[in-house]
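Novice: Sequence:
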Amino acid sequence: MTLVLQNINRAVDGITHLGDINLDLKPGRLNVLLGPTLSGKTSLMRVMAGVGKPDSGRVFVNDVGVT
48 MTLVLQNINR AVDGITHLGD INLDLKPGRL NVLLGPTLSG KTSLMRVMAG VGKPDSGRVF
108 VNDVGVT
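My numbering numbers the first residue of the sequence shown as 48 and each following residue consecutively.
It should be emphasised that the hints constitute simulated quantities derived from the structure, not laboratory data.
The structure presented is a predicted model; accordingly, all values stated were derived computationally and were not measured.
In this text, a Cβ means the ideal position worked out from N, Cα and C, and glycines have one as well.
Just so you know, not all the hints are guaranteed correct.
The calculated DSS-like cross-link candidates involving lysine-lysine, where the alpha carbons are at most 30 Å apart (straight line), are [claimed, not checked]:
id: 1; residue 1: K100; residue 2: K88
id: 2; residue 1: K88; residue 2: K73
id: 3; residue 1: K100; residue 2: K73
Quick list of simulated restraints, FRET-style, between CB atoms [unchecked claim]:
id: 4; residue 1: D110; residue 2: D60; range: 25 to 35 Å
id: 5; residue 1: G112; residue 2: T84; range: 24 to 34 Å
id: 6; residue 1: L50; residue 2: S86; range: 32 to 42 Å
Given only the sequences and the hints, what does the whole structure look like? Please build it.
Specialist: Right under this line is the structure:
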């Protein structure tokens, strides 16, 4: 399964959590999401899981748009 995020932006209560995130995850690769507290890791995971919606940008799973 491939997962592609293009220009993902998300703000919560006027605070930017994600700004212009681009990500391309391909099968067979090990990917690690690291960052300090309050850097947007959970917000990004919520967008990738489909639980949270980005304010702008697009998400593709296996080349099919899901946003």
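Novice: Kindly indicate which numbered hints from before are broken by the structure, ordering the numbers from low to high.
Specialist: 6
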